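Visitor: Listed below are the residues making up each chain.
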Amino acid sequence: MTAVVGAAALLALAACSPDSGGGEEVDGLDQTAGSMASFAADEQFKATEPMSFSMLWTDWPELPVKDSWQLFDEIEERTNVSLELTNIPFSDAVEKRSLLLSAGDAPYIIPLVYTGEEKSFAASGAVLPLSDYEEYMPNFQKYVEEWDLRPMIDNLRQADGKYYMMPGLQEVSVPVFTLLVRKDVFDEVGAPLPETWDELRVGLEKIKAKYPDSYPLADGFEGASMLNYASHAFGTRAGWGFGDGTFFDEESGEFVYAGTSDGYRDMVEYFHGLVEDGLLDPESFTATNDGSGTVTEKFAAGNVFAASGSNGTVQEFSTALDETEGKGNHEVVQIAPPGGEAGQVVEPRNFWNGFMVNSEAKDDPHFIAMLQFLDWLYYSPDAREMLRWGVEGETYTKSDDGKFTLEPDYSLDGFNINPDAPTDIEKDLGFSSQVLAGSTESRALKESYNSPQFVEYIDSVLSTRTPRDPFPPAPLNEAELEQASLLTTTLTDTVNTNTLKFILGERDLSEWDAYVAELEGQNLQGYLDLVNGAHQRFAESNS
Amino acid sequence: MVTQNAMTVPAVSVGSGTSVGPRDTRGYRAFTAVNTVVLLLVCAVMLYPFVTVIAQSFSSPGAIKAGLVNVWPVGFNLDTYGAVAQNGTFWSAYGNTVLYTFLGTTIAMVLTTTFAYAISKPHLRGRGFLIGIAVFTMFFNGGIVPNYVLISALGMKNTMWAVILPGAISVFNLLVMKAFFESLPRELEEAAQIDGLGWFGIFCRIVLPLSKPVIATMVLFYSVAYWNDWFAAFLYLDKQELFPVTLFLRNLIAGASTTASEGAAAAGTTTAAISANIQAVTMILTIVPILCVYPFVQRYFVSGVMLGSVKG
Chain R
27 MTAVVGAAAL LALAACSPDS GGGEEVDGLD QTAGSMASFA ADEQFKATEP
77 MSFSMLWTDW PELPVKDSWQ LFDEIEERTN VSLELTNIPF SDAVEKRSLL
127 LSAGDAPYII PLVYTGEEKS FAASGAVLPL SDYEEYMPNF QKYVEEWDLR
177 PMIDNLRQAD GKYYMMPGLQ EVSVPVFTLL VRKDVFDEVG APLPETWDEL
227 RVGLEKIKAK YPDSYPLADG FEGASMLNYA SHAFGTRAGW GFGDGTFFDE
277 ESGEFVYAGT SDGYRDMVEY FHGLVEDGLL DPESFTATND GSGTVTEKFA
327 AGNVFAASGS NGTVQEFSTA LDETEGKGNH EVVQIAPPGG EAGQVVEPRN
377 FWNGFMVNSE AKDDPHFIAM LQFLDWLYYS PDAREMLRWG VEGETYTKSD
427 DGKFTLEPDY SLDGFNINPD APTDIEKDLG FSSQVLAGST ESRALKESYN
477 SPQFVEYIDS VLSTRTPRDP FPPAPLNEAE LEQASLLTTT LTDTVNTNTL
527 KFILGERDLS EWDAYVAELE GQNLQGYLDL VNGAHQRFAE SNS
Chain S
-11 MVTQNAMTVP AVSVGSGTSV GPRDTRGYRA FTAVNTVVLL LVCAVMLYPF
39 VTVIAQSFSS PGAIKAGLVN VWPVGFNLDT YGAVAQNGTF WSAYGNTVLY
89 TFLGTTIAMV LTTTFAYAIS KPHLRGRGFL IGIAVFTMFF NGGIVPNYVL
139 ISALGMKNTM WAVILPGAIS VFNLLVMKAF FESLPRELEE AAQIDGLGWF
189 GIFCRIVLPL SKPVIATMVL FYSVAYWNDW FAAFLYLDKQ ELFPVTLFLR
239 NLIAGASTTA SEGAAAAGTT TAAISANIQA VTMILTIVPI LCVYPFVQRY
289 FVSGVMLGSV KG
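Chain order of the listed sequences is R and S.
Note that this note's numbering has the first sequence beginning at 27, numbered continuously upward.
Note that this note's numbering has the second sequence beginning at -11, numbered continuously upward.
Keep in mind the hints are simulated off the structure, nothing from the lab.
Predicted model, so just to flag it, every value in this text is computed and none were measured.
Certain hints may be false.
To be verified - No farther apart than 20 Å at their CA atoms in a straight line, the calculated lysine to aspartate or glutamate pairs in the EDC-like style are these: (1) S:LYS227 <-> R:ASP270; (2) R:LYS92 <-> S:GLU229; (3) S:LYS227 <-> R:GLU110; (4) S:LYS227 <-> R:GLU295; (5) S:LYS145 <-> R:ASP131.
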């Protein structure tokens, strides 16, 4: 493990080498060989001559890529484009990607990029500012307008006003990680499924009364997951979502620090109360849920009845419970994140993974064709359906009301559809692949393959919760970024350490003011000035 | 290895227990007893994870998730072994590992023994310099990205040589061998010289046959290093058909515990879906062959490593 961490640190350094090419003219526009003269939204892209593009491909261990996948043939048949893959193992995909980009050896197309990951590559000039080429991507523009995503796209802009990745667009976005509860046990003790954190507490107390040896609530991600979805209800940010720690205060119109806000304090106090009363498992707030799956074990053993997890975790918990409680004697459900003093608020709408383009690509004669191809692949409804379901009439059929059905000969084991059919469209044909299929999705497409329980979860979040508004952009320039990263490292560290200390009772909450003073001693104000300055600068230059 | 070495200590004391001396005192017997108990405990601690993985490999995934498996399989089944055995990617990776290990060890042994022999001769001109450049690499290296650029510039990227050649001379092994060669009596070589052997004759017909312990030890060191190496392959290879089994295994296991961010965690949930028993079976199948090498080399092992240091 140390080798990887060391490597990651080295690569992060290497990726930051200053080399920002700052010409104002846009490169590569004359590289139009093979492109379509007029390419519009919802139109089938087809290159006018056969071509091939190199692409990074992450290999999940259980789904090794095969050259024979129909996916690649289908793409080639429809677009005249063949893909040359550079395989990287999922376990260390991020490190390998940094290495390839730093060494100037990366393929043209770099998929599976989550927002924020592009920053260091953008600063070093290793990837292209895709905002310069948006006009070649009509499908992208169409979805952005249709789903009202423009303000979020603006948030991707770096200090130079450009964005360097194109994200996967989601018509609806719901928190991936949320609370999973044993519904049968909540029913048993007569507690309703909690809509707020206070209701959850009441439920947990009832369970504790019935099972005094249990710690009914657990996290499994060192608290980072639970604090993340809880923080929105308390009007702050924490855990995985803490990010750079800033929080936009609508009233004053400027950024304040999340870690010192009243909401943060209330949240910490709430969780500390749970720990004091033995309702929250302190272990899962200090140890990671590594391969051995400690929270899963506790869930199975009946020591924990509510824990953080995603759609996939429901399955995991259920398999383990089948073993201890027996099939049919338990019910695990995924509920919308409970609300709190800030209302029934959940995380802001999100992008999903998208792509970056290696800056060497602009010198390729087929550059414009590549942009059109990527636009089709990532954002055209036809391509999205194909990437998920395969070929209409062959692997699936679509009814008039938009319901997708797999043909009886085909299965999609990953989502438990036709599990006994001989050919799996994911393992054997490459459709529904993690690399491409999840990226951009309409609500209908998302609901078409997910389990009814998950669709129910989506519905409950969308109908009963409000996503927090996105913050206005405040992109830092390169010098500021460096300064900010120095400051945030210590600040975030202090916040994280003390959050756990307060929650676990190692530090008394009466010392809250001392804790705030510590942060101020670490130049918190200087950091906020930096961010607010950038916010103003961006507002002025883009108004 | 550690436990096996350690276990020889009480055995020696028992064997020589008849001689008169401090070994017969009560204090010494108590010490031996305590020693045995402590070392057995250490041994148990070392073996426990191994036994657990073996037990998991025969258990059902649900039982492992629920934490029911300790040293004995729960929900016994052999299906997982069958499933892994039918995985073509696994076996092609396995074949690569065997090839890399065999070829790599051969090349490394040729290079290391000849280099070590040369620098073990005090009369070699430039000896200090040659030792110097080798030792220099123990303390300094170019870093990952420059190494990567170098390997690709040499045209070794996506070939097996990228995995084999960079590690072909381990300086530590080189120095151990050098010390061993220095400890060989000079008179033997002089005698051979008088009988008309040249340097290569001496090396091949006198020195190598006398160096079996150190050679066996080095073969063990190199083959284990090549067998276990995943990092070089991870850096320099990006064609799946070239991956060694360690990369396959790492992808299978390490992927499950990436939870630094929500995106990673979300992606990781699909990996977590790989049942723990498949991970266990793959681990067992991967370590068994290299484990089998140990008993054969064991008898050379201790003397091989010690020789250079004791006689020097």
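Visitor: It remains to establish, for every hint, whether it holds in the given structure.
Guide: Each hint, compared with the structure:
no., hint, verdict
1, S:LYS227 <-> R:ASP270, "violated (37 Å)"
2, R:LYS92 <-> S:GLU229, "holds (10 Å)"
3, S:LYS227 <-> R:GLU110, "holds (11 Å)"
4, S:LYS227 <-> R:GLU295, "violated (52 Å)"
5, S:LYS145 <-> R:ASP131, "holds (11 Å)"
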